[in-house]
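**Student:** The whole structure should be built from the sequences, with the hints applied where relevant.
The listed protein sequences correspond, in order, to chains H and R. This note's numbering numbers the first residue of the first sequence as 59 and each following residue consecutively. This note's numbering numbers the first residue of the second sequence as 11 and each following residue consecutively.
Note that these hints are calculated values from the structure, not bench results. Keep in mind that this is a model prediction, so the values were computed, not measured. Beta carbons: idealized from backbone N, C-alpha and C, even for Gly. Be a bit skeptical, because a hint or two may be false.
[Stated by the list, open to error] According to the in silico footprint, chain R covers these stretches of chain H (three or more CB under 8 Å from chain R): (1) 216-227; (2) 243-253.
[Stated by the list, open to error] Calculated cross-link-like contacts (lysine to aspartate or glutamate; reagent style EDC-like; alpha-carbon spacing at most 16 Å): (3) 273(H) with 290(H); (4) 154(H) with 66(H); (5) 70(R) with 248(H); (6) 70(R) with 250(H); (7) 256(H) with 27(R); (8) 154(H) with 74(H); (9) 379(H) with 478(H); (10) 273(H) with 255(H); (11) 339(H) with 327(H); (12) 12(R) with 53(R); (13) 256(H) with 53(R); (14) 23(R) with 255(H); (15) 154(H) with 71(H); (16) 24(R) with 218(H); (17) 543(H) with 555(H); (18) 70(R) with 39(R); (19) 23(R) with 218(H); (20) 719(H) with 624(H); (21) 273(H) with 71(H); (22) 507(H) with 654(H); (23) 256(H) with 214(H); (24) 23(R) with 606(H); (25) 339(H) with 352(H); (26) 24(R) with 248(H); (27) 414(H) with 403(H); (28) 347(H) with 327(H); (29) 24(R) with 68(R); (30) 15(R) with 45(R); (31) 24(R) with 253(H).
[Unchecked claim] Covered by chain H, per the in silico footprint, the following chain R stretches (three or more residues, Cβ under 8 Å): (32) 25-36; (33) 39-48; (34) 60-71.
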Amino acid sequence: MKATSIKDVFLNEAREILSSVESDLVLLEQGADADLLNRIFRCAHTLKGSSAMAGFGEVSEFMHGLESVLDRLRSESLKADDRLIDLLLGSFDWVKLALFSGEGRKEDGGLKQHLVDSLSGFTGDAVGPCNSGDVQEPEAKDEGCRYYRVRARFRENIFESGIDPLSIIEDFLSLGSVVDLQVDHSAMPEFEDLDPEKCYLGWNATVRTRLPMRKVEESFLFVRDDNEIVIEDATGEYVDEFEEESILEDRKIGDILVRKGIVSRRELEDLLQAQENRNRKLGDIVVEKGLATEGDIRIALQEQERIRTKIGIGTVRVDTKKLDSLMNLLGEIVIGQSGLARIAEDLPEEQGQRLKNALYGLERTTREFQEQIMSIRMIPIGPTFDQFRRFVRDAARDHGKEIRLEIFGEETELDKTVIEKIGDPLKHMIRNAVDHGIEPPDERVVAGKEREGLIRLNAYHQEGNVYIEVSDDGRGLSRNKIREKAVSLGLLKPDEEVTDDFLYSFVFTPGFTTAETAGDLSGRGVGMDVVKTNIATLRGSVEIETGEGIGTTFRIKLPLTLAIIEGMLVRSGQNVFIVPLLSIIECIRPGKEEIDTVEGRGELIMVRGSYVPLVRLYTYFGIEAEVREIGEALVVIAESGRDRLGIMVDEIVGQQQIVIKSLGGRVSTTRAVSGAAILGDGRVALILDIHGLMSEIASC
Amino acid sequence: MKTIKIQEDCGIKKIGEFYDEIMLAMENEDSFVLDFSGVRRVDLSVAQVVKALRRYCEYKGGICEIRNASEETARLLSYAGIH
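**Tutor:** The following block contains the structure:
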């Protein structure tokens, strides 16, 4: 493996580790937990070892002191108080800085030395004990533990690549308790014949651990390719069959609930039957039947996840580009199918029918295939939520507020692309909740609330969509203030009556803020409009539920995936365009009297008592159209947020599921188009981005 | 008994110097004290030289004693079969 790829692999891993540690440290502050401490320690230990191998010696050295402090926390020689958590968070921040600020990293103004000194203050010296690696006798049955045996023989010249085999063995042995350790000295010559720059030792070692095989493999990540490394799961030799089965059995949520005594085995059988009949999650049915609370289910789910991690359910890392490529290939298959379907139409009846029958089966398989690929792309939102623990902690402290962050629905899965893009909007909403929503502690007490405010993140699936909620129990939005501001900005007439939904949606207007002062976090009237735009880009929407003095909930509705949409095919001249079905309100054929032209606003169409901007697709895209006369053309009324737009087309072609293909940078200047699809006859159809089209029209 | 103080930064980069120093001392000595005070941790190259030296001393009827090793150094040496 080349040094550059080792570095890349390490940096990717480090990014994930640092994010997870940050969240775990905030949790640790709220209450020490042995599992949590072990997890943090493991992360630090991995960072220490891997950073050295990847050439980040300074980081590795720094991690040594940090690891010593964590080790003392594990042994309960230290207590995880605010001061120590601050120091640990600050230390990991420095690691982040050192790893990711690149060659251009400037001097840190003595920050590192300050941190090193502070860490030493907690350990008493600069050198702390590391994880114990004493050889232990195998203990009696230990539920959830696995035994991994490694045979490691390194090439003689391994030192030349900067790798120290002893560190690698140390890393492996630190994964758990050492059950067996044998050093093979057989290749080592007499002292006089020794070449001290060559490697002679080999190891046979077995470790008992709760970690998955993946973690063991990670210890040998950089040496597996060109050394003799054999890793095997030897659990069967140490654990009897019954225990083995019980570990595997406990993967199921129902079994966990039985083991916890929440439901009986018999109740479980009934529940499983009910689940089969109703195709719903077992946890939901258990709660619905009053056998357990949502909290019980959440804990059981967390336990299930831990078990899965411990026994290392076979997982592989796959580059999402490969999944995109698979999806594109599948799209090609769908196109091929459409082509065959057209041929079937032209064949004599009997042959055509036989081809259609064959295609019917193929379509069903293709759809299942598509669903499988989509499910691979789905990842839980938990890690995205977790990253806000640190953010809320620090932001609350900066503003003299006491805020607790509660997270629900971490297991809710979304398309990876959606997860990647939802972070920023969420951050902005949370920022607003901290800055403007949650009141200072004294103000809350006066209002009869707990001193500590609450921000809640929740995610769940409903009706084929994903909902993400950001709620707070703070002041709530002020209807009067929003109204006054909207009137002062000319967005609303003084006597105009509007619904609450309409009024609250003004907070998404650029430059709109009711805050009297702008804070570090928010209040400058920028941000919420970006939230709306970003969510619209994800083909989602956001709604607000608020009560003065009670709090506010922002509810984001998102599609499960961005790779496929249900689309309406419309034609303008020889060109076919796709309008996302979710954006369409209705299709109408307006009369000439329903169209008005207003200076500066272009053509408007009267739809159910309100004027809606009208765009003629052939004009906008500069193409030929068959129908140019109002009265003959069809108008698709589409919406984005609270805005509507009329799109004039020749005709509606039909409705179908569309596999979206990226257009790359070729039409990046046109916000009106979000992608393209290849139709059954091989033609390319552009997918209209309604929000983008509205913006483009507005700026014309 | 010859005492050799291990350099704080002894590792693969300086293992040649360490090895040569011992080779030189072996002309007159069969027993050694290796003083690890100030050494935070060792790598495999150091551990191998120590292991080979121990075997040599035992063969010659001498001893090779390790002194002032930090907890971490002692643990690493034990992973190399040096207790």
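**Student:** Against the earlier hints, flag every one the structure doesn't satisfy and list their numbers going up.
**Tutor:** Hints 10, 12, 22, 24, 26, 29, 33 contradicted; others consistent.
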